[in-house]
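**Q** Protein chains in written order, with our numbering: chain A, 1 to 332; chain B, 1 to 258.
A hint or two may mislead.
Listed below are the simulated EDC-like cross-link pairs for lysine to aspartate or glutamate, each with C-alpha atoms no more than 16 Å apart in a straight line [what the hints assert, rightly or not]:
#, chain 1, residue 1, chain 2, residue 2
1, A, Lys12, B, Asp91
2, B, Lys16, A, Asp224
3, B, Lys107, B, Glu74
4, A, Lys89, A, Asp224
Please keep in mind that the hints were generated in silico from the structure rather than gathered at the bench.
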Amino acid sequence: MKSYTEQDNRKKYMTGGIGLILLTTGICVSVAFGTVSISLSEIFGIFTGANEGGMYHIMMNIRLPRIITGALTGINLALSGAILQSVLKNPLADPGIIGISAGAGLFAMAVMILLPSYTHAVPPAAFTGAILTSLIIYLLAYDGGAHPLRLILAGVALAAFLGAFMTALMVFYSDKVQGTVNWMAGSLSGRSWIHVRMILPYTVLGLFGAVFGSKYLNILMLGDDAARGLGLSVEKVKFIMTILAALLAASAVSVAGLLGFVGLIIPHITRLIVGSDNRLLIPFSAVFGAITVIFADTAARMVFSPYELPVGVVMAFLGAPFFLYLLKRRTR
Amino acid sequence: MSLLSCESLHAGYNGKTVIKNISLSFQEGSMVSVIGPNGSGKSTLLKCLGRLIKPTEGRVFLDGRSISMLNSSEIARNIGILAQSPSAPEDIPVHCLAAYGRSPYKKIMSSFTKEDREIVNWAVSAAGLDDKRHMPIGRLSGGERQRAWIAMALAQQPKILLLDEPTTYLDIHHQFEILELLQKLNKNCGLTVVMVLHDLNLASRFSGRMIALKNGETALDGNSDEVVTEKNLYDIFRVKSRITESDGCRTALYTGVA
Ligand SMILES: Nc1ncnc2c1ncn2[C@@H]1O[C@H](COP(=O)(O)OP(=O)(O)OP(=O)(O)O)[C@@H](O)[C@H]1O
Ligand SMILES: [Mg+2]
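Input sequences plus hints: build the corresponding full structure.
**A** In C-alpha cells, the structure reads:
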C-alpha cells in the first residue's frame, strides 16, 4: 500500500535528510562539549586511531556510551508513545501519562532501594512492573472491549497511585535515596556500555515490531468497527502493541529513569511534519526521539557546567509548556 | 439459498438484551431498508450481521455457513460494513482510505499489486470521487466523506454491503446521490444492500423490501406497500400521517404526533 501523500515525497526526503543531519550534528556536538572540550580534529584522530590518550578514554568510555544510551532511550520512548497514541487514538497518550513508566519505575526503584546489590535485576523488575501495570489498566478499563478513553483515565489514576508508592519508598528509605532522586527525574549521568547493552536488544525488537505493526496501527485508526469490518483482530492487535509499548518504555526506564515528555511530544511533532501514516510516523519518531534526547542531555551537561542537571529536568522545561500548548490547541 | 441470514438472534450490551429473536434472510441482489425508532436496535442488528458484535444467542449465516466458523478476513471479503458515524485521521487521501478496503485480501507481508490498484481506482470512480482522489478526507464535504467510506467498502469487493444511516447529516441532494449510487451498484453489479434509513420516503423509494424494528423485535417485514401504511406508522413511530402515492412511490405526509 502506498503511503498517504505520494506528492509530498520531497517533503519526506527533506525531513529524513534534516533528521539525519541533526542526528549527526547532535552526536558531534555532544561528543565535543563537556567539562573537557574535544576538538573536531581530536575526534577525527580518535577514530583513525592516531589519538589514544585521555581524550580517547573520555570519548570512548564516557561520552559515546552516554550518547548512545540517550539515543536508544529516546528511540524507545518515542516509539512507545507513537504506538500508544495510535492504539488509544489519543494524541495525548504516552507511557508516562498512562502509568506504564510509573509501574516500571516503582518496581525498579524497589529493587534499587531494597536490594541494592542486585542492580542487574533492575531491568527485569521494570519489565514486570510495566507489564503488570498495563494488564491492570486493561482489567480496570475492560468492559466488553477496551475503550480508549477508559484506558487512559484508568492509567492516569494508576500513575498517581504508583507515584505515591514511590514517594512513600523515598520517605521511608530516605537514607538510601541518593541515586534515586536523579533517577526519578530521568538522568543519563554516568551511563556506560553496560547500559547500551541493556537497552539495545529492546530497541531492535521495538523497531522491528513497530515498523511491522505500523500497517495494523493504520487500520486501527479507522476506528474499531471499521477495523473489525476489514477483518482485523482488533483486540489482539491492541493488546500486542500495548505490550510492545510497555517493553519499550520499561527498557527506557531501566537505563534512564523516569524520563518524561519524550514519548508525548516527539510523536506529536512528528505527526505535524509527516502526517498520521504510521509507516512514516514510526520511523521518523524514532529518529527525532534520538535527536531530542541527545540535544537535551548535552544541554543538561552544559547549561550549568560544571554542575549537571538530570536530562529529565531539561525535557520537562521544554515538554511541559509544549504539553500545555497541545492541550490549548485541542480544546480550542 | 439466501446470501445472508440470521436465526433467532439475540444480542445486547453488558448483559442487557437489545434485540430479541430476530430471524431474517437476505436474497442475493436485494436492496433492503431497516427502519425503526431511535434505540429500537437497528445498529445492533447490523453489527451482529456484520460480526462487529457477537450475538448472545442465535447464529448468522453467510452462504449457508455460520459466520462464527469463518475467519475474519474471509467474512471481510464477503461483507462490507459501514458504521453509523465512522471517523479516520483527517489527512488520509481518498484513494488511501479506499485502499484499506484491500486489506482483507492481503497476507501479512504481501504488497499492493496492479490488480489491487485497479480495483481501488474503480471503487473511487464508482463512488464518484475521481477528481477528489488525492484530497485528504478532512477537506471533503460530509457527503463526499460518506462516499469515500463507501469507496473503501467497495474496494473490499463484498457481495453484501451493510450501511448504518449512510445519509445522515446530508442534504437531500447528497442523500439522493448516495442512494442512487447504491441503487446503481445493486442493479449493475448485483451488490446486495442492507441499510438503516430514517427517512421512510427514501426507504420506500429505494428499497424493494423494508424491515421495521420495534423494541428489538421485527415488527414488520414486507414491500413498501405493506409497510408504509398510516396504521403501521402510527404503531411504530407514534405519528399521524397521510399516505399519498405519486410517481409510483408511497409517500407519507406527517401531520402530528399521536
Ligand atoms: N455500545 C453500547 N453499549 C451499551 N448500550 C448500547 C450500546 N449501543 C447501543 N446500546 C443500547 O442499545 C439500544 C439499541 O441501540 P441501537 O444503536 O441498536 O439503536 P438504533 O435503532 O440504531 O438507534 P438510532 O436510530 O438512534 O441509531 C439502545 O437502548 C442503546 O442504549
Ligand atoms: Mg443506530
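**Q** Each hint should be assessed against the structure and marked as holding or not.
**A** We went through each hint and held it up to the structure:
Among the hinted pairs, Lys12 of chain A with Asp91 of chain B is consistent with the structure: their alpha-carbon atoms are about 15 Å apart, no more than 16 Å. Between the alpha carbons of Lys16 of chain B and Asp224 of chain A the distance comes to roughly 21 Å, so the proposed pair goes past 16 Å and is violated. With a C-alpha separation of about 12 Å, the suggested pair Lys107 of chain B and Glu74 of chain B falls inside the 16 Å cut-off, and the hint holds. Only pairs whose Cα atoms come within 16 Å are accepted, and Lys89 of chain A paired with Asp224 of chain A is accepted, the gap being roughly 10 Å.
Checked against the numbered hints above, the structure breaks only hint 2 and satisfies the rest.
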